[in-house]
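Undergrad: Those protein sequences? They're chains H, S, R and G, same order as listed.
Note that my numbering has the first sequence beginning at 15, numbered continuously upward.
Note that my numbering has the second sequence beginning at 15, numbered continuously upward.
Note that my numbering has the third sequence beginning at 15, numbered continuously upward.
Note that my numbering has the fourth sequence beginning at 15, numbered continuously upward.
Bear in mind the hints are in silico, worked out from the structure with no lab data behind them.
All C-beta atoms in this analysis are idealised placements derived from N, C-alpha and C, irrespective of residue type, glycine included.
Some, not all, of what chain R presents toward chain S, calculated at C-beta under 8 Å: (1) Leu94; (2) Tyr123; (3) Met150; (4) Gly156; (5) Ser158; (6) Ala238; (7) Cys241; (8) Ile244; (9) Glu245; (10) Asn248; (11) Lys364; (12) Ile366; (13) Met371; (14) Ser374.
In silico BS3-like links for lysine-lysine, alpha-carbon gap of 25 Å or less: (15) H/Lys22 x H/Lys190; (16) S/Lys347 x R/Lys347; (17) H/Lys347 x G/Lys347; (18) R/Lys75 x R/Lys26; (19) R/Lys26 x R/Lys205; (20) H/Lys59 x S/Lys59; (21) G/Lys133 x H/Lys355; (22) R/Lys166 x R/Lys133; (23) G/Lys59 x R/Lys17; (24) G/Lys135 x H/Lys301; (25) H/Lys59 x S/Lys22; (26) H/Lys59 x S/Lys17; (27) H/Lys164 x H/Lys85; (28) S/Lys59 x H/Lys60.
Label-pair distances were calculated between CB atoms; the ranges are: (29) S/Leu175 x R/Ala305: 23 to 31 Å; (30) S/Gly114 x G/Leu175: 34 to 42 Å; (31) G/Glu352 x H/Asp348: 21 to 29 Å; (32) G/Lys205 x H/Leu359: 36 to 44 Å; (33) G/Asp163 x H/Glu352: 27 to 35 Å; (34) S/Gly114 x H/Glu352: 33 to 41 Å; (35) R/Gly160 x G/Thr30: 53 to 61 Å; (36) R/Glu446 x S/Lys133: 25 to 33 Å; (37) S/Asn55 x H/Phe111: 25 to 33 Å; (38) R/Gly160 x H/Phe111: 31 to 39 Å.
Residues per chain, in single letters:
There are 4 protein chains.
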Amino acid sequence: MNKQFVIKDLGKATFTSPSFNLGPSSFVDDEERVLHDVIYNQNTKKMPDPEFSFEKAGPRKRMFFEPNNTKAAIVTCGGLCPGINDVIRAIVRELYFGYGVHSILGIPYGYNGLINLHKYKPIPLNPEYVDNIHTMGGTVLGSSRGGGDKVKEMVDNLEFLEVNILFTIGGDGTLKGAHGLIEEIERRGLKISVVGVPKTIDNDISYIQSSFGFETAFSLATDAITCASIEADNAPMGIGLVKLMGRHSGFIATNATLAMNDVNFVFVPEVPFKMDGPDGFLFALEKRLLARDHAVICMAEGAGQDILVADAANQETDASNNVKLEDVGLWMKDRIVEYFKSRSLEVNLKYIDPSYMIRSAPACPNDSIYCLLLGQNAVHAAMAGKTDLIIGRWNNMYTHVPITLATSERKYLNPNSVFWRNLMSATRQPLEIFDIK
Amino acid sequence: MNKQFVIKDLGKATFTSPSFNLGPSSFVDDEERVLHDVIYNQNTKKMPDPEFSFEKAGPRKRMFFEPNNTKAAIVTCGGLCPGINDVIRAIVRELYFGYGVHSILGIPYGYNGLINLHKYKPIPLNPEYVDNIHTMGGTVLGSSRGGGDKVKEMVDNLEFLEVNILFTIGGDGTLKGAHGLIEEIERRGLKISVVGVPKTIDNDISYIQSSFGFETAFSLATDAITCASIEADNAPMGIGLVKLMGRHSGFIATNATLAMNDVNFVFVPEVPFKMDGPDGFLFALEKRLLARDHAVICMAEGAGQDILVADAANQETDASNNVKLEDVGLWMKDRIVEYFKSRSLEVNLKYIDPSYMIRSAPACPNDSIYCLLLGQNAVHAAMAGKTDLIIGRWNNMYTHVPITLATSERKYLNPNSVFWRNLMSATRQPLEIFDIK
Amino acid sequence: MNKQFVIKDLGKATFTSPSFNLGPSSFVDDEERVLHDVIYNQNTKKMPDPEFSFEKAGPRKRMFFEPNNTKAAIVTCGGLCPGINDVIRAIVRELYFGYGVHSILGIPYGYNGLINLHKYKPIPLNPEYVDNIHTMGGTVLGSSRGGGDKVKEMVDNLEFLEVNILFTIGGDGTLKGAHGLIEEIERRGLKISVVGVPKTIDNDISYIQSSFGFETAFSLATDAITCASIEADNAPMGIGLVKLMGRHSGFIATNATLAMNDVNFVFVPEVPFKMDGPDGFLFALEKRLLARDHAVICMAEGAGQDILVADAANQETDASNNVKLEDVGLWMKDRIVEYFKSRSLEVNLKYIDPSYMIRSAPACPNDSIYCLLLGQNAVHAAMAGKTDLIIGRWNNMYTHVPITLATSERKYLNPNSVFWRNLMSATRQPLEIFDIK
Amino acid sequence: MNKQFVIKDLGKATFTSPSFNLGPSSFVDDEERVLHDVIYNQNTKKMPDPEFSFEKAGPRKRMFFEPNNTKAAIVTCGGLCPGINDVIRAIVRELYFGYGVHSILGIPYGYNGLINLHKYKPIPLNPEYVDNIHTMGGTVLGSSRGGGDKVKEMVDNLEFLEVNILFTIGGDGTLKGAHGLIEEIERRGLKISVVGVPKTIDNDISYIQSSFGFETAFSLATDAITCASIEADNAPMGIGLVKLMGRHSGFIATNATLAMNDVNFVFVPEVPFKMDGPDGFLFALEKRLLARDHAVICMAEGAGQDILVADAANQETDASNNVKLEDVGLWMKDRIVEYFKSRSLEVNLKYIDPSYMIRSAPACPNDSIYCLLLGQNAVHAAMAGKTDLIIGRWNNMYTHVPITLATSERKYLNPNSVFWRNLMSATRQPLEIFDIK
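Isolated chain H, as found in the complex (with noise of 0.2 Å):
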């Protein structure tokens, strides 16, 4: 077995589990492990290499803590997305009703809230409290950005509470952040298990096929397009800019683009692009709007960072220093309103950027089914003493993951794929003015 995709744990399960009277099928076996390729070449005969597997996640028949003498706790951390609160519920609930752990807390505002226990007071949870805080976006915790690197500070805290069970739910720096704290908890010989969910908007985290909140995040950013779309049909040159999300990876901005196929071009950190010449992008929309009298354009907010760093630095040597990156999508609002200046064309353009209403809203009804099934094989996961790990899904299957393979790589938008050719097919945009390698 490869020894990334191994899952520690704290020792043996000896505990048996609930079984909900449903006989030996309400289990899962550690020997069982999904295939992380499925692809099956006729020709070489060729298969999948089983090495390459996920351990598959579920409830085991032996728990390694004993349900009356655990405390669990719970903690958000980095900026909001859907589903965050379904999470939360669904760990509570398999807890006290699926194990009776009937000690749970809530820490809030994140790691600072781990560290600072004074200031940020741990909460109580148990299933009233939870009940209806899936109806509602954000978490019920509060969250924070940092404090990840704190590790004695937060051991020595979940010592003092007598922790058995921390679930983090947040993204790579949550993760990683998780890692140095069973590194802590295994110097002391603590038995702590360490769970983790993994949140991260942009769906850029490996080894899981998708992220919770994504498909609630580039759902709603579909409405931004149909607006940018009804605001370029509706004035003569107009045209519609949409900011989304997608840091690092252009998932968000792809998905809704597919969704609505309202979106003439499309940017994304993966695939770099040139603005000018006759094969960059401005000379590619001035035609299009000569030819059709209106655009609509999507972003993701690290497309195009090389131009911008490019741009900045002429800057600086116009002007002194430290000139700060910035905001992509103002940046290209400006390049193309100057571009349009120097044509001595007129052309009304529309900016839209709705992140904040998106990372706030609650999530779609898909999502919520995958939070809960997340929320559920992290208790089964920590129950059974897992540790140092996060819960995936891989081919609609829940997984464990290793944090440290989880963390040890992005996941990024591949251009030469079926995927990008679909894509360019449903939105016909010009090819030349992209840099694909």
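Take the given structure of chain H and dock chains S, R and G to it, following the hints.
TA: Chains S, R and G only, in chain H's frame:
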């Protein structure tokens, strides 16, 4: 290779497909197959069976049809389902812009339109015609049930219209009709490709991980559950009863239940239950109401048919003959009201049946993307000269599934599964009322 | 002053109201009255009758009740309606923050809760308790029908609870019950103010321009019409039939019809219509279907009761006795199906009844504001010692309406009006099927 | 009769209007007038001034134009606003079906389209063309700003097109342009009626109780407030800042605030406020944050312009010249961040500007009805030969308002009113930060 999984074609594809300048990565090879099973057992070292795999869908390097001499037709059959217009739009745009096929017909009102060209005149389709149709529910072509058995008349008309490719969007019956067409086409030695896009709001077609419109359906169904829950909450001894779609399979009811988590009792066709006696539902409902003062029940329309049949039989002995089976929701409503009358307890029951408000809705964004990719892949398959297949999705990849395989058995929910265990844990409904074998 | 329009009070108000430092402009004077009629005839020089006017609602300079010694109670009765929680929230917040009344009780399950304090314990209310309730449909207090005649028990309990102000949120029956309470209160010489907030989803209470929740109701009803319209459009000879609320008045059906403009036939209780014969609806429907292939019908639940009664009477002679009047929507469905069977024409009829999905919805923003201002004005009236009144709105101003006046007659739609003419112009439905006197 | 309120006409109306077989009740008489004021003072016996009244809108018994010889045109100007398509649709359908006028033109892109017939060709309109347009935001005709001063060119083109009736849908500038057209039309002795439908998303046109699209606008704005509130709640020292439309009048900001009741500070153009010092907003915000840890601020875009001007003037002395006034939302954001930096307090501020997502939305059902009736009444007025007027609504009745009256002054929110008192009571914001005269 398992014969069941082999895809038919009309002959050797010789024309070069448009490449979008994306190089070899934009094409899929016939040798690539998607494994059906993805579980590897670490103990037994057992790998999935490679024979049990699907041909991967996607654009092929070579086309069978020459675009300028190709005429395509689209027909939509059966009940409404969110996303049909998205599929139509995707097919038309991919044919037109992706391959340069400009001759496309829409057949009105399903197979009946293909039988009777005079009564229902085919509609010329182009990108302008389909531009905004995805924002509306239903199908621009109209739909109807039946007619699938008149294969001769239909093939006569396909010949008369000089159609080379027929896209059929419909359910089990429609697909069986399509297979009948293919047999007649082969009998006559014609070179007409028939490609299906499977449509079932109940998600009960086999060998596809889920059907388009299904997510929209269970998402909208959650609104009905929320309403039932509020009505139940706000009255003394309040009961909210929701009937949802699902004639043979309970996917909508269970997914809506998981997404809302407000449901106390969920009934599906796959899991028999008891109404009467100390282990029966009615007694469990009474206990729940006395303890909590409200209850929410969610039924798939096909649940409890065995009990209805027995009830009807009893009535028959009482009365005379020809007792028509009642609507299960109304039947359940009557049974509950009657039971509590006999117990001298006053209850407030509110009944909700949202069926047609769901079927006629436009697709949610995630379903829109799914429909787009189904439509694009249907065109890829047809242009390559493949026939007698539907486009499926398996392990999140688009696949070719022989029609005969897809229609060989229905897809059911498995009550002996971790999914069912997690459902029971989420709803916490009494297990003794079910008869799980 | 017309006696009918005079507002009762409990005595001279002597305490100084909190002023919000806004000076005299923040108070309303008892002498200010809102004219009922606003039409001036230039020819006859006739002005509206000043006697026919309402006392203007709003904060008074002097209070009758001293906030520290005041206890208020709120009761919600009858069926659910969007906005009840908004009204509760507004009353609690205005009492608490606006006047400093901190002793507030919520009576559970309507008058039945006031009758039986042991079974349904009153709930202490404060701003924290009501903070988010307006985002949910229904009423946090619960509701029930009936009980309004047990005035002695209720006044006994008001005395027992030492309540000084009772707010009743309910419809016609609830208000009559409230008036009964006041008579008993006066009989006992108590100083308890009873202020009503009129609730009727049908908008059929007189002397208020529209009722809260009504806009939300007809707005949501448009979704049902859209769905019916799509179902009708998408099938050969398709008929969409929608039944909407409106037992005595057709405001929901007509407003939903005007908002969508997709309806071909609208039926309301106020305007009799013919089913049969060459001037009847069924023949008109046949003509419409043959000409356009689809039709949408929108019925208020109280429409055509005269025909149902006659039909039922016929059945009675056929059968034996006690024929229960059927649901008008299901009756209409059967009549249409039967008619076209007799005409040997196949039609596709889809029936939609969205009732409970509308009643349990949260208020739309405009209704939320309305509810807020109703609640605030109810508190102003009660604190000033006024009683036996409801808060109304007339000519967009908030008013005091004596309960006896508001319950003296029902509000009906006038078919002899420009509104009806404009409705007929919008739907273009055949006029001959109606019997307008 | 006050001259200001008199409606112009083109001459005696001699043709008999279609009656819908509804008898005299379906027509409105010119003598019926809607009183502006509706308050009667019982003490002073003072009645409203009858001169201060509007001609009632509605169908007239006699038409000036003969339908077969009448050609109408519609033009839409200025920024987008929900409901424009509803108005267009109502005008076309009422002309076509209500009066039998079949010759109708749509002028593209506002007055610029009327100036330049060659560049922007008029579009023939009919019921089929407008059938579904009300489900989309924006205007099917397109819109643009300016051009209203080129009256000669426009009247030339109206003559060239042989237009008898021009419907202008637009705001203050558009209506002034329309009045200019009428002066030129009169100068030339033409018989062309010009009827306006007032459009202002800010609700700032006088003598109409509210403008179409305004309700949709503030309803959608509540979503932005909800999001801001969640973001503020979920971070330590969280601030949610929402900028809403309202250049001169704060109706959208105050109504959205009342509907949500989550806002702690609301700022409008009509009420000056202080930023600095112990009575200033920034100090009040600090107090609020220290007490409650979160705050929501809602600003109309025209609020605080006096402070921005002063700030800009200071900057001018610092720098050199031509300082452009910043966006008030971004300015406020910077001021808050800067203030808390100076106080060494870390805050988490999230800024939301939903402007274009609101402007391009379709109308809510209540606005749809309003638009329908505005459009119908515009046709009634024009067919009767009336001109130089807009359709208004006052005391819930449709009225004729002379354009010169409607454009004589802007409509403002009155801070010396019970409305403002109730707003302050609802938000409980500190009163000392405002400068109310």
